[in-house]
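Q: I would like the entire structure built from these sequences, with the hints used as guidance.
Protein chains: 2
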Amino acid sequence: MTEKKSFALDAWSARQLAAVEQALMRWVAPPEPRPAPAGLGDAMRYAVLDGGKRLRPLLVMAACEAVDGSPKAALRVACAVELIHAYSLVHDDMPCMDNDVLRRGKPTVHVKFGEAQALLAGDALQALAFELLTPEDGSVDVATQAALCRMLAQAAGYQGMAGGQAIDLASVGKALSSEQLHAMHRLKTGALLQASVMMGAACGTASAAAQSALRDYGAAVGLAFQVVDDILDVTADSATLGKTAGKDAAQDKPTFVSLMGLSASRNYAQELLSQAHHSLKASELQRVEALSALADMLVNRPA
Amino acid sequence: MTEKKSFALDAWSARQLAAVEQALMRWVAPPEPRPAPAGLGDAMRYAVLDGGKRLRPLLVMAACEAVDGSPKAALRVACAVELIHAYSLVHDDMPCMDNDVLRRGKPTVHVKFGEAQALLAGDALQALAFELLTPEDGSVDVATQAALCRMLAQAAGYQGMAGGQAIDLASVGKALSSEQLHAMHRLKTGALLQASVMMGAACGTASAAAQSALRDYGAAVGLAFQVVDDILDVTADSATLGKTAGKDAAQDKPTFVSLMGLSASRNYAQELLSQAHHSLKASELQRVEALSALADMLVNRPA
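Protein chains in written order, with my numbering: chain E, 1 to 303; chain X, 1001 to 1303.
All the pointers check out, no bait thrown in.
As a list, the in silico DSSO-like pairs of lysine-lysine whose alpha-carbon atoms are at most 27 Å apart:
| no. | chain 1 | residue 1 | chain 2 | residue 2 |
| --- | --- | --- | --- | --- |
| 1 | X | K1174 | X | K1253 |
| 2 | X | K1106 | X | K1253 |
| 3 | E | K174 | E | K253 |
| 4 | X | K1247 | X | K1053 |
| 5 | E | K112 | E | K53 |
| 6 | X | K1112 | X | K1247 |
| 7 | X | K1053 | X | K1253 |
| 8 | X | K1112 | E | K174 |
| 9 | E | K112 | X | K1174 |
| 10 | E | K253 | X | K1112 |
| 11 | E | K112 | X | K1253 |
| 12 | X | K1281 | X | K1053 |
Think of the hints as simulated: they come from the structure by calculation, not from any bench.
On a predicted model such as this, the values are computed, not experimentally measured, just so you know.
A: And the structure:
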């Protein structure tokens, strides 16, 4: 089903990520000229820098490219969505939530810096995301700034990521229907992944039809990501994942694999990938190679 | 030192607060038409509704009035700053932070809903604050939306409230210099109080000189608030405060009272009040009665 095999995703990603990593280093609580107080900056940077697949930033940059948008604006958006993702991991790993000690192969933030500092670092990262979206340097026009803040707030909040985590929390040890499992993931991971696509697209202009198609692409990719995550939780080991494998089953969390089995989950992921490609075609946008290749990559990723 | 004694603050406040409470009920995770998932909305509303002095919303409305700004925009700003304040209390009360069980005379959010839900409710409230600032209904122009998001993000983040809390955390059991204590409170409570004034003023237009004077007013009021808070912690009882009294001393936290003594702290509060009044005069704005009366009220409040 993959299209445009000739597109070199690795080289494209490396180029984007070089810019993203550099921007994150510059923007996340820089030690100069005014350091964050009392070690807070260390915890914030530890949570964000030098780790993660940066899938959300890549989706932002790819969507911006698809609409020929402003790369300067997209770079801020890419960092902002990554900060929201990073803060959610910090809070999610805390003892009162998932109580995880390993993340990206390193001790989690609360293990390294203490729970209170982890709580504050997460809070500060969320605020910083909105600060990045509202520069005073004229690099992003104010109407776009406002739209981006709105999209990010909705994707992160009670009708988005935080809401999905609340469902997740309430569903441990419970049998969820397919509909309930979908609803949970649509919010928990899907909302921010979809927002990454839509916010990247908001860095340029797209027809209503193209926007609608990109929204469908984002929904398919967001769901596929979670299905594959559930598959990898049972098929990969901790070293490959960089986090504790088999945790979902150990915690008796409902997953796509526990609901539909491994084989059907794999088929479902491929079906969602087809939907994503179909949506890209329906968008009638020309430069969708990166979006297309990212969808392939995330469904077929080894870990 | 109080001016314009004839201004009826109680009636003015009651009018503003009626609007603010109604707006909060409408905007904080409304049960209709689409409830927040898995009880998250209940925790969010519990954290925000029916409690608190709403000092920050009153400062917003008063500053907006001073610059003859848009009351519609100010109402959103008033709710947004209150949501940031409320989320900070929820997280601050958690066991890994202050471990407080009583707030506004009621069990704290984590006592009532569990730690995980409290963590998520705080996170979702922060996101919601930015959502409130970015309506699509045309009630706030986009340039103002962008500026408001920027101001709120800076006031809430690592160079604002979260940074101040990190200093607070690191300072338990330590002797702080007067300078360090000021730096902590300028961030921890001062940043959001000052932002309330400046964001209220951003709902209209003010000269650079007036803005600068309002900034000074906000700084003086923000600091005075904390000095009075420290005084009340040793002079009022828990029932009056609606929270555990004497906690600072019990936790060996540095306060203005522990640093300079009770009598000098009282004098300092009055001095800051004079500075606030002086700044209002320097602003050359006409309708500053509410800002003036609020400064009086918060310095001379019984609890």
